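Peer 1: Residue-level listing of the chains:
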Amino acid sequence: METLTQLRDRIAALFPAADVVLATNPSPSAQHALRLDATHARAIATFLRDDPALQLDQCTNVTGIDWPEKEVVDVTRTTVPDPAGGAPRVVEEKTRRIEPGRLEVVYHLYSIALSHGPVVLRLVTGNRTDAVTLPSLTPVWRSAEFQEREVYDLFGIVFEGHPDLRRILMWDGFKDHPMRRDYREPDDYEWEPTPHGDVLAKAKQHYPAPAPSAPSTP
Amino acid sequence: MLGTGILQGLIVTAKNFVGSFHDPARYTTLEYPEVKPALPEAYRNFPFLVCDNATDPMGTLRCVACQICEKECPPQCIYIEKSRDKKPDATGKLQIYPAVFAIDTSVCMSCQICVEVCPFDAIKMDQVFEIATTDRYAALLLDRGQLTKPNAYFHTIHPTEAAEVDARLTADRQAAEEKARAAALAKAKTPAASPAPAAPVAKRDQTLESAP
Amino acid sequence: MIAAALTPDSFLERLPVLARDTVTGLLPESWCWLAGSLLEIIAILAGFGLLFAYLTLAERKILGRIQNRPGPNRTGWFGLLQPFADGVKALTKEDVVPAGADRVLHFLAPVVLVAVSLLGFAVLPFGRHLVAVELDTAVLYFFAAGTATELAVFMAGWASHNKYSLLAAMRALAQLISYELPLLLSVVPVVLVAGTLSTTKIVAAQGGWSLGFVPHWHVFTPWGAAGFGLFMVAALAESNRSPFDLPEAESELIAGHLTEYSGFKYALFFMAEYFGMCALSGMAVTLFLGGWGAPSALLEWIPSYAWFTAKLLVLLLGFIWIRATLPRLRLDQLMKFAWKFLVPLTLLNLANAAGWSLTAGWTGPLQLVRWAVALSLVAVPFVVLGRTLSAGSAPRTYRFA
Amino acid sequence: MNASPFTNPSTGAHVRSVRSDLPGDLMEVSMGPHHPSTHGVFRMIVTLDGETIVRLKPVFGYLHRNHEKLAENTSYLGSMPYTDRLDYLNSMTNNWAYARAVEQLAGIAVPERAEYVRVILAELTRLLNHTCLAGFLMQDCGCSGTPLMYAFREREKILDLFESLSGSRMMCNYQRFGGCRVDPSADWLARARQLVEEYGPFLDEFEALLTGNEILLARTQGVGRLSAALAINAGVTGPMLRATGVNHDLRKVDGYGVYPRFQFRIPLGEHGDVYDRYMIRILEMRESLAILRQAFAGLPAGPIMNPAAKLRGFRPKVGEAYGRIEGPKGEIGFHLVSDGGPNPWRYHVRAPSFINLTILEDLCLGHTVADAVIILGSIDIVLGEVDR
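Residue numbers (our numbering), protein chains in the order written: chain A, 1 to 218; chain B, 1 to 212; chain C, 1 to 401; chain D, 1 to 388.
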């Protein structure tokens with residue numbers, strides 16, 4: 001199989017308008033990824049599936065990742081020559097910027113026909129609140145059907161073009177998306193005398209103290 | 001075909017019917033409360049705390065309340081409070097001990113990770129499995145007193161592991177003594193009085209305050 | 001004493017009749033018939049009630065042993081009190097009737113089922129002198145009474161107001177009606193050969209031995225053996241037993257028409273199933289296995305009802321054994337099996353029996369021809385129909401990579 | 001007027017999960033979550049025309065405990081016992097898949113002896129799972145427990161082995177990053193070897209009981225056919241995929257662990273029906289026995305754990321990894337994203353049971369209720385893994 005860089009170049013040549021970025025993976029697994037833009041994702045996915053040199057016919061794994069808003073400190077070092085003629089000074093300039101929150105979907109593609117893989121695709125939403133729509137790849141790989149439903153259920157990413165986008169693991173009336181990092185579970189625990197103080201406190205708060213056994217005077 | 005497959009199946013069931021009367025490989029049932037299965041040595045159920053001396057369990061606890069197991073416990077079923085004072089451990093060194101050590105066995109999933117991460121061989125897996133109670137709240141929350149069992153008991157349930165642990169601990173102790181002796185020799189000029197180990201204070205077992 | 005016991009009509013043989021006569025003898029003449037009938041009814045109810053109780057235990061024990069486990073063994077010695085414990089449990093359980101159920105039909109269904117399944121016992125000759133009702137058209141009566149069980153099963157399924165029960169009711173109707181036909185058709189050759197519809201006369205027709213040890217039972221003729229097999233298969237289906245237990249298919253329909261029944265009503269269904277099984281097995285014994293007849297003249301000193309019971313138990317054991325082994329058929333396969341396999345075979349068997357009775361006079365080498373023709377009339381259609389029925393399904397060989 | 005029990009108290013809307021207003025003769029039945037053959041708390045909303053299925057929607061999540069969220073709040077090691085509880089029949093392979101993903105993420109080498117032991121345990125697990133499945137499938141076909149009991153009798157023997165090695169029958173928690181927790185003793189290996197020798201005769205007997213049974217052939221052949229193209233596209237893996245004739249076994253394709261050293265064959269089906277799925281598993285068990293014999297013969301001496309692997313304070317570097325192995329039910333994979341912390345930033349399980357269910361409706365359409373039950377049985381699901 002060609003390298004991911006070659007693949008990226010080939011896709012860029014075929015889809016000039018598409019924005020395909022190589023996302024490197026620093027871990028020893030070296031499973032690098034291609035980040036696609038939402039508008040061309042399905043066309044590129046179809047190409048990956050049907051291209052005779054790739055034949056990525058199996059989309060094994062689909063999952064979401066939540067990247068909440070994060071403060072990043074960028075350190076820029078500039079060397080300032082000392083006007084007095086001494087050694088140049090190194091000025092460290094720290095800029096704080098807010099990395100915007102986003103949701104990401106990861107697809108792991110393999111080829112059964114040619115026994116190679118994985119090719120990892122990533123799609124990123126605009127933010128975590130209102131721009132959470134991504135194209136569904138279920139029309140390309142049927143295996144994404146339940147997995148995209150799961151990502152929708154747990155992360156709240158809306159897949160456009162999915163044939164049956166409903167909650168799958170949580171019940172229909174459930175409101176939140178529990179796999180988001182900022183999800184807080186409701187404190188309606190069944191009361192149990194665990195030694196863990198905060199659970200206990202929560203439970204006490206939720207279940208008021210039992211009414212006194214003596215009848216209260218009016 | 002034509003019923004031969006069915007006949008073959010009937011022969012197999014007949015063979016098993018007869019076999020169940022004479023072949024122990026076929027009839028494997030144990031009549032449980034009367035006949036108990038022999039537990040393999042590796043069998044694990046719920047954790048217990050090891051103490052070195054059965055007569056003074058609280059005074060000879062190996063646990064030093066380092067809280068590693070509490071942190072590593074996947075379902076977070078261990079609850080430890082450190083003591084304010086110190087007591088000598090098996091090597092005679094003054095150590096903190098757990099003032100409160102509770103395991104919620106209704107949460108514990110018997111994974112043995114607490115045993116693996118414990119650097120002091122203080123917590124081990126028990127083999128008692130008949131632990132049903134009628135009170136699923138308080139009775140399943142085991143406190144320090146209920147959890148502590150002597151090293152001799154550990155030897156009866158996991159003999160191999162216990163022997164290894166004892167050997168290791170003895171080696172450690174000897175190494176510590178060697179070191180202390182070496183240190184004492186180095187400081188030969190000043191005859192150091194050996195630190196008298198404080199007498200183990202018998203502590204009243206602090207049971208957890210159970211919520212209403 | 002021994003000599004007396006060896007005669008066919010010994011004291012032991014007449015013991016049940018004598019016991020009845022002793023009791024009725026105490027009463028005025030005009031009450032005798034009524035009291036005698038009541039006694040017979042009580043005897044049948046008690047006998048088969050006890051048989052039902054211990055059959056459930058035997059089934060669980062045998063299934064257990066076949067599956068390499070002990071079966072119930074905690075209640076009483078070897079679990080012998082288990083049926084009574086079950087009875088107490090069934091009686092003390094809450095009787096749940098679903099909100100949308102037809103309460104009257106829901107109540108009636110098990111009652112009707114048990115009542116109807118008991119009717120058949122009236123005409124079974126349990127021994128030389130033991131038949132409750134001596135009917136000239138006993139065989140006809142037996143199957144007519146048995147047919148009513150379908151109605152009860154459908155009532156149960158319909159009245160429960162449960163979709164699984166409804167599916168089961170539809171399955172039960174289709175299955176029971178389809179299997180009535182082969183069941184009846186497999187009996188017709190016996191009636192044809194014996195020339196009577198009376199069960200006692202059919203048993204009498206099977207009396208006697210060739211060479212002193214080969215009894216003249218119908219099962220030892222080619223058409224009789226085939227008829228017996230066909231009858232038993234149809235009986236399995238009629239009594240909703242595995243592999244034809246589609247109406248109460250546990251893995252598909254939860255409990256089918258029994259889904260919404262609990263407590264003693266549920267026990268009644270069970271009782272009816274076992275009564276039906278016993279009645280059909282008793283009929284098979286009567287029609288094909290020589291009824292209460294002993295297999296050899298030397299064994300005649302054992303009372304006839306003991307022989308009947310022994311034969312009955314062997315057949316019931318067969319039911320249990322089959323249940324322990326076989327998977328269940330699907331509804332369309334069940335239908336196909338009835339209409340494309342059993343019905344043609346029973347019809348051919350009828351012709352076979354007719355030919356057999358026409359050639360009764362053949363002797364010497366002709367006897368061999370008679371046997372050969374009759375046997376081939378059984379074997380050839382079995383193979384041909386069996387092959388067409390199972391066309392397309394065969395064990396496969398697999399390739400490896 | 002009193003509120004009907006079918007009315008939602010907060011909204012007043014009529015609560016119904018199963019429709020009763022279907023046109024014509026159609027009937028909607030909710031099979032499960034309380035149904036004897038749904039292998040747990042699985043539910044199928046089935047629309048029936050008579051007994052023929054015209055629509056089937058699987059509903060699950062009744063056993064959902066957000067395993068992935070738990071893992072994100074636990075250390076890498078702490079998730080290991082949770083993986084036991086995914087597919088609770090196959091804890092050893094779940095452990096291995098997770099360990100493999102972490103080993104890829106952190107670049108941990110595994111000693112050779114540990115690799116062999118892992119193969120031995122994985123193949124024993126495969127035997128265990130396929131034996132159970134055969135028993136369950138026969139139970140779904142309407143056998144009165146007999147094949148299931150035989151299957152469980154043998155399964156118990158494997159579980160006894162697991163118990164005496166790992167301390168627990170089903171929740172083994174045995175594999176570690178960079179090896180295995182305990183070194184199997186010579187005595188244990190001898191017992192395992194004896195079990196392998198006795199397993200062949202058991203399989204012979206099990207096959208004699210049912211494989212040639214006419215009723216079973218009629219019930220399973222031609223039922224629930226799956227085409228190879230759909231199987232690949234729908235991500236179906238494991239014996240389900242191989243029953244359609246696709247030669248895809250990760251033990252060969254990825255060649256992970258020490259599998260390339262063993263000689264074994266991959267049985268392939270042709271029709272992709274229930275019978276093929278059943279038989280492929282039976283044949284796979286025989287191949288597993290061959291692997292086990294070779295593994296016992298080639299088991300090297302040496303350490304069982306990589307001494308460099310850390311048990312406590314394990315913090316892999318930033319990055320991510322997808323590790324997969326061929327579990328008994330199909331490809332079991334773990335996708336891990338590390339932000340450098342002690343807990344995984346993202347931990348995802350690629351559950352074979354879950355994804356194999358995608359094509360359940362396609363398999364069941366046009367068949368009857370009785371077939372749906374055995375089709376579901378032949379997919380081989382464990383709800384602990386489906387719902388996670």
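It should be emphasised that the hints constitute simulated quantities derived from the structure, not laboratory data. Incorrect hints may have been included.
For lysine-lysine, the following DSS-like pairs were computed, each having C-alpha atoms within a straight-line distance of at most 25 angstroms [claimed, not checked]: (1) A:175 - D:69; (2) D:69 - D:310; (3) A:70 - D:69; (4) B:179 - B:93; (5) B:179 - B:36; (6) D:317 - A:175; (7) B:71 - D:317; (8) B:71 - D:69; (9) B:71 - D:57; (10) B:82 - B:179; (11) D:57 - C:163; (12) A:70 - D:317; (13) B:15 - B:86.
Output of the computed footprint for chain A on chain D, the stretches with three or more beta carbons under 8 angstroms from beta carbons of chain A [as the list claims (entries may be wrong)]: (14) 60-70; (15) 99-112; (16) 130-139; (17) 168-176; (18) 320-327; (19) 344-351.
Bear in mind that the values here come from a model prediction, so they are computed numbers and not experimental data. Backbone N, C-alpha and C fix where the C-beta goes; we use that ideal spot for every residue, glycine too.
Peer 1: Could you work out which of the previously given hints the structure breaks and list their numbers from low to high?
Peer 2: 5, 6, 9, 10, 13, 16 and 17
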